[in-house]
Amino acid sequence: MKLNKRYVRGIRDNLSFYIAASVLTMVTLVLFFLFNIAGNAILNFSEDFFPAHKLEDAHFSTYMPIPDEEIDKLAEEYNLTLEAQRYVNIETDGVTVRVFERTEQVDLYEITAGEDASANNEIIISEGYAQNKGVEMGNSLKIGDKSYTVTGCFQRPDYLYMLENTDDSYKNITTFYLAYMTDEAFAKLGETSCQYLVIYHEDNSTAFRKAVHESYYMQHYSSAEENLRITMVDTQAQMFVIMAYIILCVLPLIAVALVCIIIGRKIKSEQKLIGTLSALGYKKGILMRHYAGFAAIPGVAGGILCAAAAYLFAQPYSELGLQDYEPMRVTGSLKPFDALLGILVPTALYVIAALLSVGRLLKKDTILLLSGNADADKQGGRRIFAGNKMSFRLKYAVRQVLGSPARSFVVILGVFLGCFIMLFSFGIFDSIENTADVSSENAGSYEYQYVLSELTAENPYGGAEMLVFSMENENGGAVTLIGTDEDNPYLNFRDRDGNNVNIQNGYYITSLAAMLNDWDEGDEIKLYNPLTLEKHEIVIAGVLQNDAQRAVYTTEERAAELSGLETGMHNALISDTALGISSDKVAQESSKSALREQVQTMKTQMGFMVYLLIAIGVIICIASVYVAVNMLVTENRANISMLKVLGYRDKQIDRIVLSVNHIFLPIGILLSIPAAHVVGSYFFRMFADYAGILVTVWISPLNYVLAVTLTAVCYAASLLLVRRKVKKVDMIESLKDNRE
Amino acid sequence: MFIDLKKAVKKYSDGDETVFALDHASFELEEGKLCVILGPSGSGKSTLLNMLGGLDTMDEGELTVAGRRVTGLSVDKRTDYRREDVGFVFQFYNLIPDLTAEENIEVVADLTKTPLDMEAVLTALDIAKYRRRFPKELSGGQQQRVAIARAMIKNPKLLLCDELTGALDTRSSRSVLKFVECVNRQFGTTVVIITHNEAISGMADCVIRLKDGQIFETYKNERKIPAEDLVL
Chain A
0 MKLNKRYVRG IRDNLSFYIA ASVLTMVTLV LFFLFNIAGN AILNFSEDFF
50 PAHKLEDAHF STYMPIPDEE IDKLAEEYNL TLEAQRYVNI ETDGVTVRVF
100 ERTEQVDLYE ITAGEDASAN NEIIISEGYA QNKGVEMGNS LKIGDKSYTV
150 TGCFQRPDYL YMLENTDDSY KNITTFYLAY MTDEAFAKLG ETSCQYLVIY
200 HEDNSTAFRK AVHESYYMQH YSSAEENLRI TMVDTQAQMF VIMAYIILCV
250 LPLIAVALVC IIIGRKIKSE QKLIGTLSAL GYKKGILMRH YAGFAAIPGV
300 AGGILCAAAA YLFAQPYSEL GLQDYEPMRV TGSLKPFDAL LGILVPTALY
350 VIAALLSVGR LLKKDTILLL SGNADADKQG GRRIFAGNKM SFRLKYAVRQ
400 VLGSPARSFV VILGVFLGCF IMLFSFGIFD SIENTADVSS ENAGSYEYQY
450 VLSELTAENP YGGAEMLVFS MENENGGAVT LIGTDEDNPY LNFRDRDGNN
500 VNIQNGYYIT SLAAMLNDWD EGDEIKLYNP LTLEKHEIVI AGVLQNDAQR
550 AVYTTEERAA ELSGLETGMH NALISDTALG ISSDKVAQES SKSALREQVQ
600 TMKTQMGFMV YLLIAIGVII CIASVYVAVN MLVTENRANI SMLKVLGYRD
650 KQIDRIVLSV NHIFLPIGIL LSIPAAHVVG SYFFRMFADY AGILVTVWIS
700 PLNYVLAVTL TAVCYAASLL LVRRKVKKVD MIESLKDNRE
Chain B
0 MFIDLKKAVK KYSDGDETVF ALDHASFELE EGKLCVILGP SGSGKSTLLN
50 MLGGLDTMDE GELTVAGRRV TGLSVDKRTD YRREDVGFVF QFYNLIPDLT
100 AEENIEVVAD LTKTPLDMEA VLTALDIAKY RRRFPKELSG GQQQRVAIAR
150 AMIKNPKLLL CDELTGALDT RSSRSVLKFV ECVNRQFGTT VVIITHNEAI
200 SGMADCVIRL KDGQIFETYK NERKIPAEDL VL
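So the sequence lines, in the order shown, correspond to chains A and B.
Just so you know, we're using numbering that gives the first Met the number 0 here: the first sequence kicks off at 0 and counts up by one.
Just so you know, we're using numbering that gives the first Met the number 0 here: the second sequence kicks off at 0 and counts up by one.
These are computed hints drawn from the structure, not numbers from a lab.
These figures come from a predicted structure and were not determined experimentally.
Hints are supplied without guarantee of correctness; some may be wrong.
[Claimed, not checked] With a cut-off of at most 25 Å between alpha-carbon atoms, the simulated DSS-like pairs for lysine-lysine come out as follows:
(1) Lys-141/A with Lys-584/A
(2) Lys-6/B with Lys-223/B
(3) Lys-727/A with Lys-76/B
(4) Lys-6/B with Lys-650/A
(5) Lys-724/A with Lys-219/B
(6) Lys-726/A with Lys-5/B
(7) Lys-388/A with Lys-112/B
(8) Lys-156/B with Lys-388/A
(9) Lys-156/B with Lys-112/B
(10) Lys-10/B with Lys-727/A
(11) Lys-32/B with Lys-363/A
(12) Lys-267/A with Lys-135/B
(13) Lys-10/B with Lys-32/B
(14) Lys-128/B with Lys-362/A
(15) Lys-76/B with Lys-726/A
(16) Lys-650/A with Lys-5/B
(17) Lys-388/A with Lys-135/B
(18) Lys-32/B with Lys-271/A
In isolation and in its complexed conformation, chain A is listed as follows:
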């Protein structure tokens, strides 16, 4: 069909629109694809890796060792796999290595580089540490007073997220690593600790745990569901998939909506031609197909660009998303079907938008179409201020804005989205940092916290004593029980309104525990002792402002009663100075400065993703505003031409025509502020459960200024780009263009 020759010419004449629409389609879709691919790549990896390497269902330790023959008996009686694993922590020059004895049935390691240790002076180490410290095969590592040659690197399924202690909130691959050596070399390391690894084949964990406790006294029990080293992998994957579907899915839809609006407007602007073709005898079907072809161009182009970008970046992006983990061998790839969908869905939506627009136009009288007045009945806001004495420039701007709501919507949406994404991205940084500070303050004035490796009544070290014990809620989720004196000088208990609270009055839950468990003041809740599985029912006396701990605070006596430990004993100390307790007496040591360092590391790690989001915000803002203002200029070519003829200079014309949308800049920005807070709040709530901390959305004044300035710069840049188009409008057009 000869008519189709217009496609090439149409693209050439409206190249900027097609480029902007295609880029907008590509950018938003590719973001969705990359998150989705990364999420699924991790899920696929864990689905293969965990069962292949016999991931534990739980690990535990007991006060009395379980003899080897009893292990076999228990395994048989309860139909489970049970294996003892000995390990030892050795600190050398500020670096702690956890050397494991090899296991055969549970938590099997995989050599990922080099070879397994075969001589007594050889070791293999965790790969994350090796990469972080640049340790290569053949290098020597000092452990204690002996040197070992590194022959390989490994990963084990229960340590893909390298937490030194299960209670830590962030990985440590700088001063902590894992190692295996030969059985003979391991035996020479001296005194070792023992933990038991279990895989259940039936739903009988409660009976098993009771039996173990009765005979060997459970010291510690950690199920895989509560083990951050394990759960973080799937949570990370789910976070990517959720990000892709819940948050990012909105962006492609908005981009598609924007392009649909623009295509609809373009078709309307061609109503004279459509009328002419209709008058010449072109049937509705042919015209609809013809314009559907135009609409399909940005969909196909954007989809192909998206598929190409997703294909190229799928693997690096998936790996980049796993910076916090041991280097998992994930395979991120774009499935051909998904690539096809990425092309077909936006194309179909654009085509539908075109078909609806042409269909609506063709219902109008051909005469009206020929005169370009098919939408004359739609006056919109054109009549506003008709008798008012204000300047014609202002009236012109108001009527342009109200007379073209779809175009105005595109500008608002572009500014809104751009500023929203930037604020949201900056907010991630600020909120994490701010919450770390606020949580630190809420938690108390102490600087150091020590969890001792044994219960004791003596305190030769100083600091304030506490009894810390891990309980379980009805769903098996961990809740920390903390018993302390009401006059603990380092803790200040305040409720959510800031009022002082006396913990002598009962059990007080933290605000994070309240949110995650849906508990509130006055509720009667059930807590289980994870060692004895004994059930306790307590009434919540109040809620403490503390978004960093999933905890119940009470007196030491009540805590001792719930945990089944002796009254007057403690197992934790807090202090504002370092207490100098020997490392063999400490199970876990943490400090607020270490927490702050972790936050800084986390910010650095998240940097790439945040800056990528900001870049996308910039592109969306520029592309949307450019497309909308370009549309404004195209629709006002005759006016611009006439203004030139009448003696208006280009700058004056810019002020009249391009300033029309200025009002949407502050509107879009103002709308984006509450949106960034609401979405940010929702985002952080989603991750509070696994992160163990509820981050409160906070954006620093500096970043507000930065986001707003960046948005304004994007807006100005778009206008600058369109300015050239205004300059190019030919005055001669006034002489030939038919008007109303």
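With chain A's structure known, arrange chain B on it following the hints.
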């Protein structure tokens, strides 16, 4: 002379061929006169109007209007020329659809240091009662009168009219021409009307005929007819 055009050339290349839109065209016009330029389609009428109005530049030749040398003016200076000295009326009115009749006139008044009195112009062109109407709500004749008012509000030295009756019926055409005649007489404005309608030449002081880019006839109209009596 108010308009002094000497050997104006405007050429375009069409493949290997050079097409002359204006081929060494020359003419002179006194101040306050009404001149009609006639010619068939493609004769170069619009090109000539573009030159006179400072919308386009010529490849060769000289143009002086009201003592201002238009040839060789920079883009900014040509804008000044259009802003200060020239008023335009087009076949298709070219009013800004989002502005009322009065606001369309304000667009030019706004640019002018000493515009004419708005009420006087609206009354002279008999459009005061339509002042708050939008172009779509006006007939073709009414729109063209608004366009004339827009051109006249700055009291230009030269009024250029391009096929100003081309889109109008006979009655409206006569009415519009009467207003142009009135403007020429009342304000002493020099008027150049470009048209292919021979009948309009009856109201002119002088007539120029164009063909293939060349002026082949220029004459003074000794028997000038009032616009009202033109047989259109």
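Against the structure, the hints:
Taking the CA atoms of Lys-141/A and Lys-584/A, the gap is about 23 Å. The hint holds against a cut of 25 Å. This hinted pair does not check out: Lys-6/B and Lys-223/B have alpha carbons roughly 28 Å apart, beyond 25 Å. Of the supplied pair hints, the one linking Lys-727/A and Lys-76/B holds, its CA atoms being roughly 18 Å apart against a limit of 25 Å. Our distance criterion of 25 Å between C-alpha atoms is broken by Lys-6/B and Lys-650/A, whose separation comes to about 34 Å.
A distance of roughly 45 Å separates the Cα atoms of Lys-724/A and Lys-219/B; the hinted pair therefore is violated under the 25 Å criterion. A hinted pair counts as satisfied when its Cα atoms are at most 25 Å apart, and Lys-726/A with Lys-5/B does not qualify at roughly 30 Å. A distance of roughly 19 Å separates the Cα atoms of Lys-388/A and Lys-112/B; the hinted pair therefore holds under the 25 Å criterion. Between Lys-156/B and Lys-388/A the CA atoms are separated by roughly 29 Å; this puts the pair beyond 25 Å, and the hint is violated.
With a C-alpha separation of about 14 Å, the suggested pair Lys-156/B and Lys-112/B falls inside the 25 Å cut-off, and the hint holds. At most 25 Å may separate the alpha-carbon atoms for a hinted pair to count; Lys-10/B and Lys-727/A meet this at roughly 21 Å. The straight-line distance between the Cα atoms of Lys-32/B and Lys-363/A is roughly 48 Å, outside the 25 Å bound, and the hint therefore fails. As the CA atoms of Lys-267/A and Lys-135/B are separated by approximately 18 Å, the hinted pair is consistent with the 25 Å bound.
Under the criterion of a C-alpha separation no larger than 25 Å, the hint pairing Lys-10/B with Lys-32/B is inconsistent with the structure, at around 29 Å. This hinted pair does not check out: Lys-128/B and Lys-362/A have alpha carbons roughly 36 Å apart, beyond 25 Å. The straight-line distance between the Cα atoms of Lys-76/B and Lys-726/A is roughly 16 Å, inside the 25 Å bound, and the hint therefore holds. In summary, the hint linking Lys-650/A to Lys-5/B is not supported, as the alpha carbons are separated by about 33 Å, beyond the 25 Å threshold.
A distance of roughly 21 Å separates the Cα atoms of Lys-388/A and Lys-135/B; the hinted pair therefore holds under the 25 Å criterion. The straight-line distance between the Cα atoms of Lys-32/B and Lys-271/A is roughly 40 Å, outside the 25 Å bound, and the hint therefore fails.
In terms of the numbered hints stated before, the structure departs from hints 2, 4, 5, 6, 8, 11, 13, 14, 16 and 18, listed from lowest to highest.
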